[in-house]
Every structure is written in structure tokens, then in C-alpha cells.
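> As a plain string of letters, each chain reads:
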Amino acid sequence: MPALHSVEISSEVLERARAGDTDAHAYLYRTLSKPVYTLLRRFVVRPAIAEELLQDVFVEILRNLNHYSGIGSFPGWVRSIAVNKALMYLRSPWHRSLSWLGADGIQSIHEESVAAIHDSFDSDLERALAALPAVSRAVVWLHDVEEMTHAEIARLFGRTASFSKSQLARAHRELRDRLETSSGGLACMPISRNC
Amino acid sequence: MHADFQELLNLRAGEPVAADVAQHVSKCPKCGLELGRLQRVAHELQQLPQFEPPQRVWLTVRERLLRSAPLHSHGGWIYLSTAAAAIVAIVTGVLWTKTIDRDNTARHVAVVAGSALPVNDHDSIAPLVVRSQELEALLRQMPQRPTVERAATSATIDEIQSTIQMLDLQLSNSSRLDHEEAKRLWNTRVQLLDSLVYVRYAEVARDARPINTLDTGAI
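Taken in order, these protein sequences are the chains called A and B. Using our numbering, read the first sequence as starting at 602 and increasing by one per residue. Using our numbering, read the second sequence as starting at 44 and increasing by one per residue.
I should point out that these hints are in silico values taken from the structure, not numbers from a laboratory. No experiment lies behind these values; they were computed from the predicted model shown. Ideal placement from N, C-alpha and C gives every residue a C-beta, glycine not left out. Accuracy of the hints is not assured; some may be wrong.
[Claimed, not checked] With a straight-line Cα cutoff of 20 Å, these simulated EDC-like cross-link-like pairs (lysine to aspartate or glutamate) come out: (1) B:LYS73 <-> A:GLU653; (2) A:LYS635 <-> A:GLU661; (3) B:LYS73 <-> A:GLU727; (4) B:LYS70 <-> B:GLU58; (5) A:LYS635 <-> A:GLU653; (6) B:LYS73 <-> B:ASP63; (7) A:LYS635 <-> A:ASP723; (8) A:LYS635 <-> A:GLU727; (9) A:LYS635 <-> A:GLU609; (10) A:LYS635 <-> A:GLU652; (11) A:LYS635 <-> B:GLU95; (12) A:LYS635 <-> B:GLU87; (13) B:LYS70 <-> B:GLU50; (14) B:LYS73 <-> B:GLU95; (15) B:LYS73 <-> A:ASP778.
[What the hints assert, rightly or not] A partial selection of chain B residues facing chain A, derived with a Cβ cut-off under 8 Å: (16) LEU81; (17) VAL84; (18) LEU88; (19) GLN89; (20) LEU91; (21) GLN93; (22) PRO96; (23) TRP101; (24) THR103; (25) ARG107; (26) LEU108.
Next up, chain A with everything else stripped away, as it sits in the complex (with noise of 0.2 Å):
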């Protein structure tokens, strides 16, 4: 699956576009579209709401053209916008009411009615990756999929390079006790300072 990353635009397109040529627009729709839904999708995990952001993402992309230095990759500042969208949709206020803050992030109570929308997920890692908690879901997939390091995560979230590794420590646990408790096998840690 193409992460956002690994999308490329060429810098033609990119001409054609800040010049307003809806062609352009349309292309660079086409191509982005999808990898930034589906990161959305695992940010927000609630369709609707991916939707309505996704929507946000690109009108802010289309009208600020201008705006991209450059500097670094266009995929990136695109990633960059979509991850502020569904970041500042889940410190929102309609968010929050859902949410309690925890010590080291927003962790959410009712996850987006999760229980729905498991359904619709095929494998036992989209469940389980659906259920962590929404910081440790952005995390660990801004990291292993999006291929970012702690230090860019840690920009994106205001916070330190440590709160990225915590994070990501904290869903790997998560999703492995899931995915073993789906698949029926031992609770028990395996790897442990205490085992």
C-alpha cells in the first residue's frame, strides 16, 4: 500500500496547479486523494468524519498552493496539513466531551463508537489497531507506516521525541495484547524486565 510519503509529484504538475489549472487540481486529487483518506480514516476512524475532513484537507491544499516552499517533499506538506485537521479535530471541543485528558495525551473513552465500525474492518489488526486509544493509533502509524521519525511526530504533537517512543511503545503492547487475544492465544507478556 502507498503511504503518503511515497507519492510523487512532479514539479511541472505543481506549476500547472499554483496556476490555477483545474486539471491540475483534479490530478493531484486523484493521486493524494486515497493515502490521505486512509490516513485520516486511521486517525478518526469514523467515516463521516474522515470525510468531512478530507474535504477540509484539500480545500486548504488547493487555496494555499502558493504557500508550499518547496522545501521538502509536496506529499509531506500535505501529509503535514492532514495531520493538523485530524489533530485539531480530536483536541476539539465535540471530541473532547467524548475524551478525558490522560497524563501523556488525550485517551479516548468511547473511541468513536468503535464497536460499529469494527465491523467493517477485515482483519484482526485493523480491530485492533481501530481500538487503541486515538494518540497511540496516530502514533504508531505515523511511525510505521508513514515512516516518520520520533523527532517529526514529536513537531506535529507539540510534544517531545520521547512522548513519540512512549507512545509507540504503549500501542505496540496494546495491539499485541489484542491481536492475541482475538487469535485465542496467552495473555501473558512473554517479554518482560519482570517475567
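Keeping the supplied structure of chain A fixed, place chain B upon it in accordance with the hints.
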């Protein structure tokens, strides 16, 4: 002492870990297994299928961009003109390349085209509005779109309809339009509706033909 998650994740990412931890993991079957499992999970996450965004998202994005564009800017006119020209070109292409039942279609199309052409000659908007209504009435009388249709035809029809929707959005702000701008919008609307009628007639004609003559032109 086994490696903890943080250390294993650091090892997986090729980041530095204490030498004794790295040495332990290289020899410990449990830690090796766990490291392999973490690598597999990352790989499986990367292989998860992508989600397909619904088509309506792009239509909404375009609509929002159009709405936010200044009404009097050249960009807006260029966009609409380009869209209309592109659609007319597509429609022309579709009609020329498809082996449709031309005799049957031409009889119907002549009715439409014959009265649509003179719209440019009028100064007033009223005839354009009337012509729009006539074409819309004609479209309403046509049979439903087939449940299975060619992708190119379907895309053309959707494109025309969405462009008409965008025009309607601008026309709904008619209090902000001067006469010339409103006339240009209505003119474009009539042309698009006209194209839509052409495509729909071609589709109906093709749909009504016997299967063995569909693509060969035989009989």
C-alpha cells in the same frame, strides 16, 4: 533480563541501544521472536488496504473552491469556460467514436439542436431560461439511466451534471451578477444541458439496440 518494548522498537528502527541489550537480543530466542513480531506488525500495517474516498468529496471540494473564488475574477470564468469546453469536447468525442444508431438518434437530436443554437442571438436572458426549462423537461421525459452503463458515458454525464450544479450555485447569487455575467452563465447552462441531452439520447439509442449489433455496427 529481557529487552523491553522501547528497546526492541529502537532496535527495529535501527536506533542505538545499549550494547548489552543488543547482544542479549541477538542471543535470546524470546527477544528475537518478539523483535520479529514487531517487524511483522509494521509490515502488515503497511500492507493494510487503503480506503477509497467517496466521489462526492471531490465534487464538494470543487464547489467550495468555486464558491470562495471571486465572482468577477477571470479565474472563475476561465474555470467554467474550460469545464464547459472540456465537456462539449468529450461529448463530441463520445458521439463520434461510438457506433450508435445514428438515424434514430439524429431524429431526436435535431429537435433539440435546432432550437438550442439561436440562443446566442438573443440579448435577453429570458429565452435562455426558457430554453433551460425546455431541455430539463426533455431530460425528465427520457427513460431512466440504465443500471449498467459504460464508464465513459457515466463519467461524462456525472461531469456535466456537477458542472451544471456549480453554475446553479453561482446563478443562485444572481443579485451579485451583472446582466452580461448572468447571460454568460445561462448560455453555458443551456449548452451543457444540450450536451447532456445528446449523451442521454445516444445512451438510450445504444441501450435499445440488439446486443449483436452493439459494437460491430453489423446488420
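> A separate judgement is required for each hint: does it hold in the structure or not?
Right, here's what the structure says about each hint:
no.: 1; hint: B:LYS73 <-> A:GLU653; verdict: violated (45 Å)
no.: 2; hint: A:LYS635 <-> A:GLU661; verdict: holds (17 Å)
no.: 3; hint: B:LYS73 <-> A:GLU727; verdict: violated (26 Å)
no.: 4; hint: B:LYS70 <-> B:GLU58; verdict: holds (19 Å)
no.: 5; hint: A:LYS635 <-> A:GLU653; verdict: holds (14 Å)
no.: 6; hint: B:LYS73 <-> B:ASP63; verdict: holds (16 Å)
no.: 7; hint: A:LYS635 <-> A:ASP723; verdict: holds (18 Å)
no.: 8; hint: A:LYS635 <-> A:GLU727; verdict: holds (17 Å)
no.: 9; hint: A:LYS635 <-> A:GLU609; verdict: holds (14 Å)
no.: 10; hint: A:LYS635 <-> A:GLU652; verdict: holds (11 Å)
no.: 11; hint: A:LYS635 <-> B:GLU95; verdict: holds (6 Å)
no.: 12; hint: A:LYS635 <-> B:GLU87; verdict: holds (18 Å)
no.: 13; hint: B:LYS70 <-> B:GLU50; verdict: holds (15 Å)
no.: 14; hint: B:LYS73 <-> B:GLU95; verdict: violated (39 Å)
no.: 15; hint: B:LYS73 <-> A:ASP778; verdict: holds (16 Å)
no.: 16; hint: LEU81; verdict: holds (6 Å)
no.: 17; hint: VAL84; verdict: holds (6 Å)
no.: 18; hint: LEU88; verdict: holds (5 Å)
no.: 19; hint: GLN89; verdict: holds (5 Å)
no.: 20; hint: LEU91; verdict: holds (6 Å)
no.: 21; hint: GLN93; verdict: holds (4 Å)
no.: 22; hint: PRO96; verdict: holds (4 Å)
no.: 23; hint: TRP101; verdict: holds (5 Å)
no.: 24; hint: THR103; verdict: holds (5 Å)
no.: 25; hint: ARG107; verdict: holds (5 Å)
no.: 26; hint: LEU108; verdict: holds (6 Å)
The structure fails to meet hints 1, 3, 14 from the earlier list, while all remaining hints are met.
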